[in-house]
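Chemist: In case you want the letters, here they are:
Number of protein chains: 4
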Amino acid sequence: MKIIVGKNLEEMSTIAAQHVLSYMYQDRRVNLAITGGTTPEKMYEILVPQVKNQTCFSNVHYYNFDEIPYKKEDREGVTISDLRRYYLDPANIAEENIHALNQYNYKEQDQRIKNDGGLDMIILGIGADGHYCGNLPGTTSFGDMTTRVECDQRLKDRILPEFNYEEEHVPDYYITMGPKSIMMAKNLVLIASGTKKAEIIQRILQGKVEESIPASILTMHPNLTIILDEEAASLINYK
Amino acid sequence: MKIIVGKNLEEMSTIAAQHVLSYMYQDRRVNLAITGGTTPEKMYEILVPQVKNQTCFSNVHYYNFDEIPYKKEDREGVTISDLRRYYLDPANIAEENIHALNQYNYKEQDQRIKNDGGLDMIILGIGADGHYCGNLPGTTSFGDMTTRVECDQRLKDRILPEFNYEEEHVPDYYITMGPKSIMMAKNLVLIASGTKKAEIIQRILQGKVEESIPASILTMHPNLTIILDEEAASLINYK
Amino acid sequence: MKIIVGKNLEEMSTIAAQHVLSYMYQDRRVNLAITGGTTPEKMYEILVPQVKNQTCFSNVHYYNFDEIPYKKEDREGVTISDLRRYYLDPANIAEENIHALNQYNYKEQDQRIKNDGGLDMIILGIGADGHYCGNLPGTTSFGDMTTRVECDQRLKDRILPEFNYEEEHVPDYYITMGPKSIMMAKNLVLIASGTKKAEIIQRILQGKVEESIPASILTMHPNLTIILDEEAASLINYK
Amino acid sequence: MKIIVGKNLEEMSTIAAQHVLSYMYQDRRVNLAITGGTTPEKMYEILVPQVKNQTCFSNVHYYNFDEIPYKKEDREGVTISDLRRYYLDPANIAEENIHALNQYNYKEQDQRIKNDGGLDMIILGIGADGHYCGNLPGTTSFGDMTTRVECDQRLKDRILPEFNYEEEHVPDYYITMGPKSIMMAKNLVLIASGTKKAEIIQRILQGKVEESIPASILTMHPNLTIILDEEAASLINYK
Chain V
0 MKIIVGKNLE
10 EMSTIAAQHV
20 LSYMYQDRRV
30 NLAITGGTTP
40 EKMYEILVPQ
50 VKNQTCFSNV
60 HYYNFDEIPY
70 KKEDREGVTI
80 SDLRRYYLDP
90 ANIAEENIHA
100 LNQYNYKEQD
110 QRIKNDGGLD
120 MIILGIGADG
130 HYCGNLPGTT
140 SFGDMTTRVE
150 CDQRLKDRIL
160 PEFNYEEEHV
170 PDYYITMGPK
180 SIMMAKNLVL
190 IASGTKKAEI
200 IQRILQGKVE
210 ESIPASILTM
220 HPNLTIILDE
230 EAASLINYK
Chain H
0 MKIIVGKNLE
10 EMSTIAAQHV
20 LSYMYQDRRV
30 NLAITGGTTP
40 EKMYEILVPQ
50 VKNQTCFSNV
60 HYYNFDEIPY
70 KKEDREGVTI
80 SDLRRYYLDP
90 ANIAEENIHA
100 LNQYNYKEQD
110 QRIKNDGGLD
120 MIILGIGADG
130 HYCGNLPGTT
140 SFGDMTTRVE
150 CDQRLKDRIL
160 PEFNYEEEHV
170 PDYYITMGPK
180 SIMMAKNLVL
190 IASGTKKAEI
200 IQRILQGKVE
210 ESIPASILTM
220 HPNLTIILDE
230 EAASLINYK
Chain W
0 MKIIVGKNLE
10 EMSTIAAQHV
20 LSYMYQDRRV
30 NLAITGGTTP
40 EKMYEILVPQ
50 VKNQTCFSNV
60 HYYNFDEIPY
70 KKEDREGVTI
80 SDLRRYYLDP
90 ANIAEENIHA
100 LNQYNYKEQD
110 QRIKNDGGLD
120 MIILGIGADG
130 HYCGNLPGTT
140 SFGDMTTRVE
150 CDQRLKDRIL
160 PEFNYEEEHV
170 PDYYITMGPK
180 SIMMAKNLVL
190 IASGTKKAEI
200 IQRILQGKVE
210 ESIPASILTM
220 HPNLTIILDE
230 EAASLINYK
Chain G
0 MKIIVGKNLE
10 EMSTIAAQHV
20 LSYMYQDRRV
30 NLAITGGTTP
40 EKMYEILVPQ
50 VKNQTCFSNV
60 HYYNFDEIPY
70 KKEDREGVTI
80 SDLRRYYLDP
90 ANIAEENIHA
100 LNQYNYKEQD
110 QRIKNDGGLD
120 MIILGIGADG
130 HYCGNLPGTT
140 SFGDMTTRVE
150 CDQRLKDRIL
160 PEFNYEEEHV
170 PDYYITMGPK
180 SIMMAKNLVL
190 IASGTKKAEI
200 IQRILQGKVE
210 ESIPASILTM
220 HPNLTIILDE
230 EAASLINYK
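Top line first, the protein sequences correspond to chains V, H, W and G. All residue numbers for the first sequence refer to numbering that gives the first Met the number 0, where the first residue is 0 and numbers rise by one. All residue numbers for the second sequence refer to numbering that gives the first Met the number 0, where the first residue is 0 and numbers rise by one. All residue numbers for the third sequence refer to numbering that gives the first Met the number 0, where the first residue is 0 and numbers rise by one. All residue numbers for the fourth sequence refer to numbering that gives the first Met the number 0, where the first residue is 0 and numbers rise by one.
Rather than coming from a laboratory, the hints here were simulated on the basis of the structure. Among the hints, a few may not be true.
Said to hold, decoys possible - Anything over 12 Å on all C-beta distances counts as not near chain W; from chain V, calculated:
(1) Lys41
(2) Val47
(3) Pro48
(4) Gln49
(5) Gln53
(6) Asp88
(7) Ala93
(8) Gln102
(9) Gly116
(10) Arg153
(11) His168
(12) Glu230
What the hints assert, rightly or not - Partner residues are not named here, just some residues of chain V that face chain W (Cβ under 8 Å, in silico):
(13) Arg27
(14) Arg28
(15) Gly117
Beta carbons are placed, not taken as given, at the ideal position from N, Cα and C, and that holds for glycine.
Chain V extracted, bound-state conformation:
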C-alpha cells in the first residue's frame, strides 16, 4: 500500500490525474474503471485538456463500476451520465472505447472484463460510511461479484439526491461490481478529500476488515494506492 498526500483538493486532484495518466501511457490496450461522484470532478478537469483528441490514448478503454438506472425513462443511468458529463464527453472519448455497465448487461460484466484482459486500474471514491461503488453497508458481501442490489426505502432515500429529489425517478434496484469483482483488478487507487473523510480513512487503515465497513476489504489488495488531501489524512500517520 502506498499513501500519497497532497496539500489540498487541487494538489490531490493533480496527483490523482497523474496516476490515471500513468496507466494510459502503456503501449497496449488499457482498461480503466473510473468513478463518478464529486471527489474526482477537479481531477477530470485536469485530465480533460491532456487527453482530448490525443491519438496516443486510443488504446485506453473505460468502464463504469456501478449504475443507478432511471425508473421511468429509458435513458442511460446516473453514473455513466456523470462520467460522460465530467470526462468522456469533454475529453472526446470514442464511443467504442466506452463500455457501459447497466441493468441489461450486468450479469456479463465480470466475464466481459476478463475477456478484455482484466481491469488495469480502478479509481474509487469512498463514503464517510465506508461504502465504495455501490457497496453500501448491508448491501453486498465480500464474496460478491457484479450484482443487482434491491433498494428498500432506506436505500431509496439515500440515492434520492442523485435524482434531484424527484422520487418518481428513483429505481427499485441498482447495479454494482461487488467487492470480489473490484479486488480482481490489477491496481486500485482510492481518493478522498476533506475532513469529513478523515475518520473513515483512519478506520479502514487501523480497524478491522469487516463487511459493515465495506471499504475495509480494499486494504487487502496487493496493489492499493491511497491519494488524500491533508484534511482527509489528518487522523493518520503517513510520513
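Here the structure of chain V is known, so what remains is to put chains H, W and G in place on it, guided by the hints.
Modeler: Okay, now just chains H, W and G, sitting in the frame of chain V:
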C-alpha cells in the same frame, strides 16, 4: 482465479512443482514463501533433482511463512526444519538464500520482505478447518500482518503431533504471517489433495468470505491459482 | 539474459517444456509463438500429455512466426503443418486458439498481434549459420517487421529438404516475422542442442551484433532466456 | 513503440515529467536512469516541486548512464554535476538514493544495476548525429555493455563546450553505458525537441538499424516511448 486439477496426488504435485519452477526461471531476484506439511512432500521430491546445484537458480530466495518454536531447546523451529529436510537440504540451497522467520525476528518480517522486493509467490496448503499458515480459526483477523499467536490448551493439543506427542516441547505461542501479509504477495498458489479437503475447497469457492474460515479471504486475491487432485476437486465444478 | 544448461537433449527439452508451461499458467489470454524444426520435437513430446484436453489452458493462443507455402498445391504451409503434426493436433488445441501466419495475411501479422495484446513469449531455434525464423543471413535487415522474402536459387536449394526434395513444391518466396517483429515480444526463449550449435552460440554471446549473424540481435532483448544442452554450451562459460 | 507529441517544448516537457512520475508511483524500489543535457531542463523544472520532500518517493533510486570526468581536478564529473544542479539538489533527493556512475566504478555498473533489480526506466535524449548517452557514432558497438571510451582529438573538440571551452579540463576518456546495457532496461523513454532533431527522429524510425546511427538500435526495444514536440515530429507521420 485459475483452478487446475490433476488426476491424483502425483499429477497434482507435478503441476505444483512446475508452478514453483515457473517463478524460479525469472532473470532477477525471486522471493518464494514455501509450505511445510504433508501435502507438498511429493512436490518437493519432484523439485529437488531439477533444482539441486543448478547455478541458474541462484537468484531464488526462500522464506517460511510461519514457525512453531521448540519450547525447551534452542534449535530451529518445526517449519523451517521441515523445509530443510524435504527441500532446502536435499536441493542444496545456499544458506544466504534462506530467510528464516522465527520468534526473534517476526516483528521485522513484513518490512524485511518489502525491502527484499516483495514475495513473488506463496505456495500454501489448506486445512480441513480452513486454516492456512498459522491462521487457524479464532487466532488471527483478516487485517493482521505477521504476528505472534498465544496458544491456549486447545491450540497446544492441536500442534502436539508436530512434536511427536512430546508435551514438554510444545510452546506457549507460535509465529505466522497474518492474512494481510499473505495477501500482499504478488501471486498465491493453493494446493490441496484428497477427499478430506473436498469440502473446504467447495466452502471457500462457494461460501462467504469470513474470518471463521480463514482461507476464504484468499479467494479475494487478484492472482490466485488453486491446484487440486480430482478428490479434492470432487465437490466443485471446474471444467 | 539467463542461460540454462541441461545435460542432454532430453533434459534440455524438459526445461524448455517447463518454460512454455510457465507462460500457459497465467490466468489471462496468453499468446505464444512456437517453433517448428527438429530441435523442439522432444519438447513437444513432453508437452502434449500435459496440455491435451486441459480446460485450464483454454486461455493460450498459438502463432507461427514464419511460413513456407507450397508452390503448386493450395494447402497449409510447411511450418504450420509441422506445428500441427508435432503439437497442435496431438495436444488437441482448439482451432480458434490457432492463429496461422501465411502468404495471404502476413501484411496484417504485426497489427494483429498488437491487437491481440502482444506476444508473451516466442520460443525459437537457431541455425548453425545464425538464422532464426526465416531470418537467414542476407535476407532481412534488423529493422524489418513481418515480411515476404523472395527466394533466389540459393535459398530454394536450401529449403528443398523441407519438401522432401520435390522441387516442384519449392516456392518462389516465404514469409517471416522480421527481427523487429520478434524483438517486440515480451519474452524470448532460444533453444539449441548438439555440438553443431556450439559455435554459433559462442558467436552470438561473444561476437558483434550484426546482420550477417541474424540471431546476434536477440542478445539485445531485455528478457532473453537461452536453454542449451551441454554440447551446445561446450564453448561458453555459463557457470 | 508509442509516440507522443506535445505542441511545444513546454507541453513535451510536461508529458515527459508525467512519464517519470508514473514510474515513481510504484510501491516498491524503483530504479531510474535520467539524462543531463539541455532537452530535459524544462522537464526537471516541472518535476522538482512535485517531488521535493515527498516521503512517498523515498523508494525511487537514481542512476546516471554516462560520465565525463574532469581531467585535472578531483571533483564529480559533468553529468552527475548537471543532474545535481537541475534536479537532484533542488528536489532534495537523499544521497543514499543517488548511485553515481564514474571512472572508478564503471566496471561494476552492469552487475550493480542487476543486483539492484534492474533499471525500470531510462529517459534519454538524442543528438542530431544519432548519439545517445556517450554512444557517439564510431565509439561503441551495439553489443557493448558499460565501457570506457578513449577520446581522440575529434571527440575532445566535441566535448569541449561541456567544460566551458577550458581545454585543460577535457579528459582523455569518458564513461558510458553501452547499447546493450541500455537495452536491458525494462522501459526506454526518448525525448526530443526542436526542428534540428526532426531529421534524426525520421531517420531512426524509417531508416536502417546500424551502428553508424547509434540510436537506431533503440527502436528494437519492446517498450520504447518517444516523446516529441511538433517540431521534432515534423518529418514523421504519427497520427
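Chemist: Look at each hint and say if it fits the structure.
Modeler: Hints versus structure:
| no. | hint | verdict |
| --- | --- | --- |
| 1 | Lys41 | 33 Å, holds |
| 2 | Val47 | 27 Å, holds |
| 3 | Pro48 | 28 Å, holds |
| 4 | Gln49 | 24 Å, holds |
| 5 | Gln53 | 19 Å, holds |
| 6 | Asp88 | 27 Å, holds |
| 7 | Ala93 | 16 Å, holds |
| 8 | Gln102 | 28 Å, holds |
| 9 | Gly116 | 6 Å, violated |
| 10 | Arg153 | 38 Å, holds |
| 11 | His168 | 39 Å, holds |
| 12 | Glu230 | 39 Å, holds |
| 13 | Arg27 | 6 Å, holds |
| 14 | Arg28 | 7 Å, holds |
| 15 | Gly117 | 6 Å, holds |
The structure fails to meet hint 9 from the earlier list, while all remaining hints are met.
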